[in-house]
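Between the sequences and the hints, there should be enough to build the whole structure, so can you do that?
Number of protein chains: 2
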Amino acid sequence: MTTHTPGHTRLRVTRAGIDTYQQPVVYMHRDCEVCRSEGFAAMTRVRLDVGTRTLVATLNVVVDDRVGLGEVALSEVAWALLDPMTGALAWVRHAEPAASAGALRAKVFGARLDDAQYLALVQDVMESRLSDLELAAFVTTSAGDRLDGAETTALTRAMISVGQRLDWGKGPVLDKHCVGGLPGNRTTPIVVAIVAALGYRIPKTSSRAITSPAGTADTMEVMAPVALDLAAMRRVVELEGGCIVWGGNVRLSPADDILIRIQRPLDFDSDGQLVASVLSKKVAAGSTHVLIDMPVGPTAKVRSDAAADSLGSRLAHTAGALGLQLSIHRSNGAQPVGRGIGPALEAHDVLKVLRNAADAPADLRDRALALSAGLLDMAPGSSAGTGLQRARSVLDSGAALAKFLAICDAQGGFREPPRAAFTADVPAPASGRIAEIDNRRLAKLAKLAGAPTSPTAGLETGLRIGDTVERGQPLLTLHAESPGELAYALDHAAALQPFVLAEAP
Amino acid sequence: MTTHTPGHTRLRVTRAGIDTYQQPVVYMHRDCEVCRSEGFAAMTRVRLDVGTRTLVATLNVVVDDRVGLGEVALSEVAWALLDPMTGALAWVRHAEPAASAGALRAKVFGARLDDAQYLALVQDVMESRLSDLELAAFVTTSAGDRLDGAETTALTRAMISVGQRLDWGKGPVLDKHCVGGLPGNRTTPIVVAIVAALGYRIPKTSSRAITSPAGTADTMEVMAPVALDLAAMRRVVELEGGCIVWGGNVRLSPADDILIRIQRPLDFDSDGQLVASVLSKKVAAGSTHVLIDMPVGPTAKVRSDAAADSLGSRLAHTAGALGLQLSIHRSNGAQPVGRGIGPALEAHDVLKVLRNAADAPADLRDRALALSAGLLDMAPGSSAGTGLQRARSVLDSGAALAKFLAICDAQGGFREPPRAAFTADVPAPASGRIAEIDNRRLAKLAKLAGAPTSPTAGLETGLRIGDTVERGQPLLTLHAESPGELAYALDHAAALQPFVLAEAP
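One line per chain: the protein sequences are L and B, in this order. Here the first sequence stands for residues -9 to 495, where the numbers follow our numbering. Here the second sequence stands for residues -9 to 495, where the numbers follow our numbering.
No wet-lab data here; the hints were simulated from the structure. One should not assume that every hint holds.
A pair counts as met if it fits within one copy or between any two copies, since identical chains are not told apart.
DMTMM-like cross-link-like pairs, simulated, lysine to aspartate or glutamate; straight-line CA separation at most 25 Å [to be verified]:
(1) 434 - 86
(2) 434 - 23
(3) 434 - 247
(4) 434 - 353
(5) 291 - 86
(6) 434 - 39
(7) 342 - 406
As the structure is a prediction and not an experimental result, all values here were calculated from the model.
Here you go:
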């Protein structure tokens, strides 16, 4: 290729003021000379050069005078990526295909890719060189078990290599991760408090809700700031041994953050991409010992023992290849945990457990203790089987609560979670015994009530499989921040009834 | 579901003046009440209700005052689909997942889909209920041979059922289609003229260039108007027996037109989607007898005899299921046809053949005659083997030329194709014998010179495999409409050298 630049003119770079999330979009006028001479049309992939900076973006064509003939207007993310100076001029031309487009095509047609090909793919993801359509093709062609063990490890390594990586010096660094799908299963703040209270390092990063009514970061945020950057996170861990921060600001696996934008709306589970997502973040966080909480149930994320076996062996294979100690805690995923579903409602449950309150949900306490025990028993130098007793002692003594409050203070200050202004009970449509609980419907109802956008919204229920209910008795209580949201959730409560009732024995 | 409408207010519908091609996009202000109460973010899939009309679109969030707090602004295609009255108000809420999302997911995970599932998918494609990401997943999961024969037929039937279908009454309706990939292989205008001159009906719709330097519609357009609607097309065929019009305005397989938007940038060949695309248009056009021109060569669309066998049997299977007579004409696809590559340059070749000019390209004439013969021999009542002689007689007599000019007149008037103002020769870098010709590089060079956007741009070459050239002798002549475009193509001519030279014997 030569350095000759097509077109006869550069365009002035302006800001369109349009948020296209992580997809860079640029706007040019239909009649602009560059559009015409280059043969651009809506959705053309174009390359902008401003000085030594380059951006690849998707073109939208403006047909009125919002964008001038001599301008190229940038969406918010395009502006952030190119970061032009005031009055900057850009050459605009057709983008060359991404270097990894050939590897992507090969994968779509059934080939296995190697380490170098996954690295090229992930680098192009990072630099926005692959279009959203190409990212969707990558997600689609990775669905189910279409990445084998070696490919999963290659993708994980590639994701680690394009991000930052924390180094905590000598000694074990513990971590836990839940595969998800169980509403109310908010053990992380309790586990971090227990493990850190016992003197271990546990620098935990968590996500916000993707498709659920609350992520750990959402729940934690009603009690303390979570949007810490990497330097602030390091200070908290050096001070208190543990943290619970939002992963979005520390960007330990930034390629994963970009892929999530495509994975979320498509919602095609991929064992390979799940493993790469989880383990790339753990390795980047400097973790050495990781416990995976894997609830298994018909409406959880992992639906069967066979699926758990397959995912578990894939996790173990890649962890082994990366030198990570990994243990899997398989648990019953048939029904929710705790009483609240939604950021603040789950925070109340967490605090009751930490405070040893009389009405603390026993299932949440038991799960948090079991996970803490599993993690403690993995740590080098600990006597096997002593973890549960050690975890219980710091929880019962109040040492875990004190550690949790200290971590909150280090993150910016503890605050008591608020409560929603509007609540309404949903009554049982008939009498009977609860035979099944649909976790997905519970999550959906909590979201309709406003969770996680409205932090105090969601629902509460103490009912479990085997309980009997009388017709008209409350099955659950909806919480909302406005009467409109409450009415909206109530309208759908009958159609989304999460409790399957059998005749009482 | 109930009829309760979330949110507390409707938004005024305005026009954003932004062309997002066929992807409906709506723009709302970040601080608008509906965005906040519904929890919308950039890229959320939203549903607009205006009276009884509904539109599903992708949200872009505006962060400055280009869109008011009480407004929802629509991209051009969103505006056309919703077609609101002045001052119309819209309810905006989260879109429900498309009805066919479950079928798409099943296909991604390896299931075979049935007729009803393909119909649901195609209906959702038509109504923009599937996002671009979902369409990309559909294209990806159909790549190569991932649709079997029954699925291909089901997809074809579904595509036919959502569009218009022409009925020409009794008697055969002939048609031809080229699988493509061979620059300059512009036989259609000649074949239509010959076949119509012999009294057959041949209502031909053609595409504009998708990734090539010229589509048949682009070439035809330099000689006559092609953007006819269905009624105008019918009048031309009733008057002259044949037509050569652009398919984009008659919308015989509109779902295919939408899918092309996703297929083109991804460029994952799918035998199943190719067959559905071609045959749905033929059935919708009312064709009864179809000849498929299938050039086979290392740089053509179909690269090997094995690929041709596979695609051919799939075409035959689906044609049989749809009651269509189909014949496949396999030809040598190792090198270009005619001398010109680019809309007007190919039109000159076509006219020379029709005019029996002394310098008419013999290969284009021979191919057009062979295809016409194949089609004539398929027609009911014709004596097998007489087609070639009949075709040659109307071409040699000038009857085909007269018919072509009459068709052009009926379409709006014939005009002589223009010539480009700027040309430059590309000299041979060495002496030798031409061992191979790369069709893709030839096409790329013609596009760099401006084809098809600049209709007279492209290139000319009369060289063929086996010819010997001397160092410095012109290999091809570039044609451009501006000195800049000519310089751009010249800059790339060395790197894109399409002739592989061996030592002369």
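Checklist entry - Using 25 Å as the alpha-carbon threshold, which applies to residue 434 and residue 353: within, between, both, or neither? => result within (22 Å within a copy, 65 Å between copies)
Item to check | Intra/inter-copy verdict for residue 434 and residue 247 if alpha-carbon distance must be at most 25 Å | outcome: within (24 Å within a copy, 36 Å between copies)
Checklist entry - From the Cα coordinates, with 25 Å as the cut-off, is the pair residue 434 and residue 39 best called within, between, both, or neither? => result between (45 Å within a copy, 23 Å between copies)
Item to check | Status of residue 406 relative to residue 342 across identical chains (alpha carbons, at most 25 Å) | outcome: Classified as within: same-chain Cα gap 12 Å, cross-chain 86 Å, threshold 25 Å.
Item to check | Alpha-carbon proximity between residue 434 and residue 86, which holds within one copy, between copies, both or neither at 25 Å | outcome: Answer is between; shortest inter-copy Cα gap is 13 Å, intra-copy 43 Å.
Checklist entry - From the Cα coordinates, with 25 Å as the cut-off, is the pair residue 291 and residue 86 best called within, between, both, or neither? => result For residue 291 and residue 86, only the inter-copy Cα distance (21 Å) is at most 25 Å; the intra-copy one is 39 Å.
Checklist entry - How do residue 434 and residue 23 come out at 25 Å by Cα distance, when the copy is not named: within, between, both, or neither? => result between (50 Å within a copy, 22 Å between copies)
Every hint, counting from the list given before, is met by this structure.
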